[in-house]
Amino acid sequence: MPNKENWEILSVEEKYQRRMESFINPDIEFVNKEAEEKYKKRAQRYRDAIELKKPDRVPISPNIGFYPAQYAGITAEEAMYDYDKMSKAWKKFNNDFDFDYLTPCTGVGSGPLLTKLDLQLYKWPRHGTKPDSPFQCIEKEYMKAHEYDELIEDPSGYFMRKYFPRIFGSLTSWTKLPVFPTFNELPFVCAGMIPIGMPDVQESFRKFMEAGMEAAKWIKVAGKTNRDNIATYGLPSISGGYTKAPFDILGDTLRGTMKIVLDMFRQPEKIFKAMDVLVPMAIKMGINACDGSDNPFVKIPLHKGEDSFMSREQFAKFYWPTLKKVILGLTEEGCVPCLFVEGSYNKRLDFLTDPDLPKGKIYWYFDKTDIIEVKKHLTGKSSFGGNIPASLMKTGKPDEVEEHVRTLIDKVAGDGGYILTTGASIDNAEPENITAMIAAAKRYGKY
Amino acid sequence: MADKLIDNIVNMKEKEALQEVQDMISNNVSVMEILKKCRTAMESVGERYEKGEYFLPELMMAAEIMNQVTEITKPLIQNEKKEEDNLGVILMGTVEGDVHNIGKRIVNFNLEANGFKVIDIGEDISPKEYIEAIKKYNPGLVGLSCLLTVAFDSMQNTISQIEEAGLRDRVKIMIGGAPIDDKVCEYTKADGWGEDAVKAVKVAKQLLGVD
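Just so you know, the protein sequences line up as chains Z and B, in that order.
So the mapping is simple: this note's numbering equals the position in the first sequence, first residue as 1, plus 24.
So the mapping is simple: this note's numbering equals the position in the second sequence, first residue as 1, plus 641.
Don't take every hint at face value.
Among the chain Z residues that face chain B by a calculated CB cut under 10 Å, a handful are [stated by the list, open to error]:
no., residue
1, GLU163
2, LEU286
3, ASP331
4, SER332
5, LYS349
6, ASP380
7, GLY384
Straight-line alpha carbon distances no greater than 30 Å define the calculated BS3-like cross-link-like pairs of lysine-lysine that follow [claimed, not checked]:
no., chain 1, residue 1, chain 2, residue 2
8, Z, LYS341, B, LYS830
9, B, LYS824, Z, LYS341
10, Z, LYS168, B, LYS776
11, Z, LYS421, B, LYS840
12, B, LYS692, Z, LYS57
13, B, LYS692, Z, LYS348
14, Z, LYS400, B, LYS656
15, Z, LYS297, B, LYS830
16, B, LYS654, Z, LYS341
17, Z, LYS294, B, LYS846
18, B, LYS656, Z, LYS399
19, Z, LYS168, B, LYS846
20, Z, LYS168, B, LYS654
21, B, LYS777, Z, LYS371
22, B, LYS758, Z, LYS470
23, B, LYS776, Z, LYS371
24, Z, LYS164, B, LYS645
25, Z, LYS297, B, LYS654
26, Z, LYS154, B, LYS645
27, Z, LYS371, B, LYS758
28, Z, LYS435, B, LYS824
29, Z, LYS294, B, LYS654
30, B, LYS715, Z, LYS371
31, B, LYS830, Z, LYS421
32, B, LYS824, Z, LYS421
33, Z, LYS341, B, LYS776
34, Z, LYS168, B, LYS656
35, Z, LYS466, B, LYS846
36, Z, LYS405, Z, LYS466
37, Z, LYS341, B, LYS846
38, B, LYS776, B, LYS692
39, Z, LYS399, B, LYS830
It is worth saying that the hints were derived from the structure and are not from the lab.
Heads up, the beta-carbon is just placed ideally off N, CA and C, and yes, glycines get one too.
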C-alpha cells in the first residue's frame with residue numbers, strides 16, 4: 025500500500041507525487057549499492073519520460089509475454105505449473121537481457137489455480153493447448169443478448185450468479201447463490217443460507233477455497249521472484265495494475281466480438297448503459313491493484329476501438345467516452361494509465377489529445393500506428409512509445425533491428441517523453457534480436 | 642440502381658431487409674435472384690469497407706443479415722435447380738499451437754457471404770491434419786490463421802510439410818492474423834496475406850483467379 029495518510033485531503037498532484045515517490049524509493053532491500061543506484065536511475069528515467077522531460081537516455085521497456093520460458097528452454101506448461109522452473113526462467117531472462125525495467129513473472133499465471141476453478145474463458149497447457157503454447161482467450165457469447173438489464177441493475181450479482189457459472193466450470197452451482205443485498209435480517213439469513221448447504225454449492229466453495237490456497241502458494245514464489253529480480257538487478261517494476269476499456273470488457277469477454285458488433289445496431293442504448301455501469305468498476309480495478317502493488321502504473325490494453333474495427337463516429341460514440349472516464353478516474357487518484365493501442369489508431373489520434381486529459385500523466389504505446397503522427401499529436405501532452413514490430417524480433421536480423429531502432433529514435437525520440445518498446449508482447453523471438461534492440465537503444469538513445 | 646433489398650442490406654436495416662426477403666418469396670421471386678441481390682449488396686458493403694466508410698460492425702451486420710437470408714431460403718433451395726455456383730473451395734484453419742478463432746470466423750463469414758465455399762477445420766491444426774484435409778476436400782485455396790507470434794514457425798512448418806507431401810502445386814496458400822505482415826508472409830513462404838476480412842476476399846479471388 026502507498027502511504028495513504030490524509031489521502032482524502034490531498035490534491036490530485038499530491039496523490040500522484042506520493043505514488044511516484046513509492047516508485048522511485050520502493051520498500052525493497054537491494055542486494056547492493058550498485059543495484060539500488062541502477063534502480064533509481066532507471067526509475068527516474070521512466071518518470072522523466074512520463075512527465076515529458078528528456079531523461080539521460082531513452083528508457084528501454086520490455087513488453088514480454090511467454091518468451092522467458094522459451095528462452096530458458098522450458099515449456100509454457102512448465103512455466104504455468106512448475107513454479108520453481110518458472111522462477112528460474114524469469115530470473116535468467118531479467119539477468120541476461122539488459123532492459124531498464126522488470127519483466128514480471130506474474131503474467132503467466134498459475135496452471136493449478138486455474139485448473140481448480142476450471143476457467144472456460146481461456147485455454148492453456150493441459151487445458152486445451154499444447155505444452156509449448158501460451159494461454160489463449162476463447163471468445164464466446166458468455167452474456168446473452170437479452171441479459172443487459174440484469175448486468176446494468178446489479179453487475180456484481182450478474183457476474184456472480186450468471187457469468188461465473190458460465191466461465192468457471194467449478195462454480196456452475198453459483199446460480200443458486202442468494203441475492204446478497206437482502207441477506208441481512210434474521211429470517212432472511214436463515215433462508216438465504218439454505219442453498220449454501222447444498223452439496224454442489226458446498227463443492228464449489230471447497231474448490232474456490234483450494235484455488236485461494238493455490239494462489240497463496242503461487243504468489244509466494246512469483247512475488248518473491250519479482251522482488252528478487254528488482255533487488256538483484258535494479259529493475260523497477262512498471263506493472264502496478266491492470267484494467268480495461270468498458271467497451272472491451274463487454275466486447276471481449278461478455279458478449280464477444282461477433283455479438284457486440286450486432287448489438288451496436290440492434291440495442292445501442294443497452295451498450296451505453298452497461299458501459300456506464302462498468303466505468304467505476306474499471307477504475308476501482310486499476311486503483312486497487314496500484315494500492316496493492318504500491319506502484320502507479322496501470323496497463324490498459326485497448327482492443328476494439330481500433331482503426332479497422334470501428335469508424336471514427338463509432339469510436340466517438342461507443343468507445344472513447346467511457347474510456348476517457350476510466351483514464352480520468354485513474355489520474356484523479358494519482359495513477360498513471362499506460363494505454364496499449366493494439367492494431368492502429370491512425371484515424372483517431374486527435375482523441376488522445378483531449379484537453380480534459382492531464383499533461384504528462386499518461387503513457388500511450390502503439391503497435392502499428394504511424395509513430396511520426398503519434399509524435400506530432402502527443403508531444404507536450406502525453407508520453408508515448410512502441411512501434412517496434414513483434415514480428416521483427418522473430419523474423420528479422422540483428423542489423424535490421426538495429427536499423428529500425430536507430431531510425432525510430434531518430435524520428436521520434438528527440439523531444440523527450442518517449443519510451444522504447446515493442447508493439448506487441450513477445451512470446452517468440454530470437455535472443456540476438458532482443459539484444460540488438462537494447463544495444464541500439466543504448467547507443468542511439470542518449471540525450 | 643434502387644433496389645429495396647440491396648438498399649436495406651447496405652444500410653444495415655436488418656428487419657426491413659428480412660421482411661423484403663419474405664415479401665419476395667411470397668411474390669415467387671426465385672431464391673437465386675434473392676441471393677444474387679444479397680451478393681451485390683455484400684459487394685457494395687465490401688467496397689464501402691475498403692473506402693473506409695464501413696468497418697467491422699457493418700461488415701458483420703451485413704453478413705449476419707446474409708446468414709439469416711440463407712437460413713430463410715435454405716428450405717426453398719431444393720425446390721429450385723441446385724447450382725454449384727460458389728467461387729471456389731477454401732480450407733480454413735488456425736495453425737498448430739494457436740486456438741484463436743475470432744479473426745478466422747470473421748474472415749470465413751465474409752468469404753461465404755461473398756460466394757466462396759469455406760470448410761473450417763478448426764483450431765490448433767497440425768500440418769498432418771492440413772495435409773489430410775487437403776486430400777479429402779481438394780480445396781483451391783488453403784487459409785492459415787493465427788494470432789500468436791509463436792505461430793509463425795507453425796505456419797512455416799505447415800507450408801513446408803504441405804510441400805513435402807507433394808501438394809504445394811495443388812493449392813494456393815494465404816495467411817492471416819493480427820501479427821501477419823509482408824515479412825511473415827515471406828518467412829512462411831505463403832502465396833499471399835491479408836490484414837482484414839475484405840482483403841481476405843480480394844486475396845482469395847486473386848489467388849484463385851476468379852476476380
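How the hints compare with the structure:
1. GLU163: Given a least distance of 5 Å, the restraint on GLU163 (chain Z) holds.
2. LEU286: Check passed: Cβ of LEU286 (chain Z) comes within 6 Å of chain B, closer than 10 Å.
3. ASP331: Check passed: Cβ of ASP331 (chain Z) comes within 8 Å of chain B, closer than 10 Å.
4. SER332: 5 Å, holds
5. LYS349: 22 Å, violated
6. ASP380: This interface hint is violated because 26 Å lies over the 10 Å limit.
7. GLY384: 31 Å, violated
8. Z:LYS341 with B:LYS830: The hint is violated at about 41 Å.
9. B:LYS824 with Z:LYS341: Cα-Cα ~36 Å, so violated.
10. Z:LYS168 with B:LYS776: 39 Å, violated
11. Z:LYS421 with B:LYS840: Distance ~29 Å between LYS421 (chain Z) and LYS840 (chain B) Cα, so the pair holds.
12. B:LYS692 with Z:LYS57: Since the Cα atoms of LYS692 (chain B) and LYS57 (chain Z) sit roughly 59 Å apart, the hinted pair is violated (cutoff 30 Å).
13. B:LYS692 with Z:LYS348: 28 Å, holds
14. Z:LYS400 with B:LYS656: 45 Å, violated
15. Z:LYS297 with B:LYS830: Distance ~48 Å between LYS297 (chain Z) and LYS830 (chain B) Cα, so the pair is violated.
16. B:LYS654 with Z:LYS341: 19 Å, holds
17. Z:LYS294 with B:LYS846: Cα-Cα ~39 Å, so violated.
18. B:LYS656 with Z:LYS399: This hinted pair is violated, its Cα atoms lying about 45 Å apart.
19. Z:LYS168 with B:LYS846: 36 Å, violated
20. Z:LYS168 with B:LYS654: Distance ~22 Å between LYS168 (chain Z) and LYS654 (chain B) Cα, so the pair holds.
21. B:LYS777 with Z:LYS371: Not OK: LYS777 (chain B) and LYS371 (chain Z) at ~44 Å, beyond 30 Å, violated.
22. B:LYS758 with Z:LYS470: 56 Å, violated
23. B:LYS776 with Z:LYS371: 44 Å, violated
24. Z:LYS164 with B:LYS645: Outside the cut-off at roughly 34 Å; violated.
25. Z:LYS297 with B:LYS654: Given pair LYS297 (chain Z), LYS654 (chain B) holds - Cα atoms ~23 Å apart, limit 30 Å.
26. Z:LYS154 with B:LYS645: 50 Å, violated
27. Z:LYS371 with B:LYS758: The given pair, whose Cα atoms are some 34 Å apart, is violated under the 30 Å limit.
28. Z:LYS435 with B:LYS824: 22 Å, holds
29. Z:LYS294 with B:LYS654: Since the Cα atoms of LYS294 (chain Z) and LYS654 (chain B) sit roughly 19 Å apart, the hinted pair holds (cutoff 30 Å).
30. B:LYS715 with Z:LYS371: Roughly 41 Å separates the two Cα atoms, so the pair is violated.
31. B:LYS830 with Z:LYS421: Given pair LYS830 (chain B), LYS421 (chain Z) holds - Cα atoms ~18 Å apart, limit 30 Å.
32. B:LYS824 with Z:LYS421: 12 Å, holds
33. Z:LYS341 with B:LYS776: It is violated: about 48 Å lies between the C-alpha atoms, which goes past 30 Å.
34. Z:LYS168 with B:LYS656: Distance of about 20 Å is within 30 Å: holds.
35. Z:LYS466 with B:LYS846: Distance of about 47 Å is beyond 30 Å: violated.
36. Z:LYS405 with Z:LYS466: 25 Å, holds
37. Z:LYS341 with B:LYS846: 35 Å, violated
38. B:LYS776 with B:LYS692: 38 Å, violated
39. Z:LYS399 with B:LYS830: 35 Å, violated
When held up to the earlier numbered hints, the structure conflicts with 5, 6, 7, 8, 9, 10, 12, 14, 15, 17, 18, 19, 21, 22, 23, 24, 26, 27, 30, 33, 35, 37, 38 and 39 and fits the remainder.
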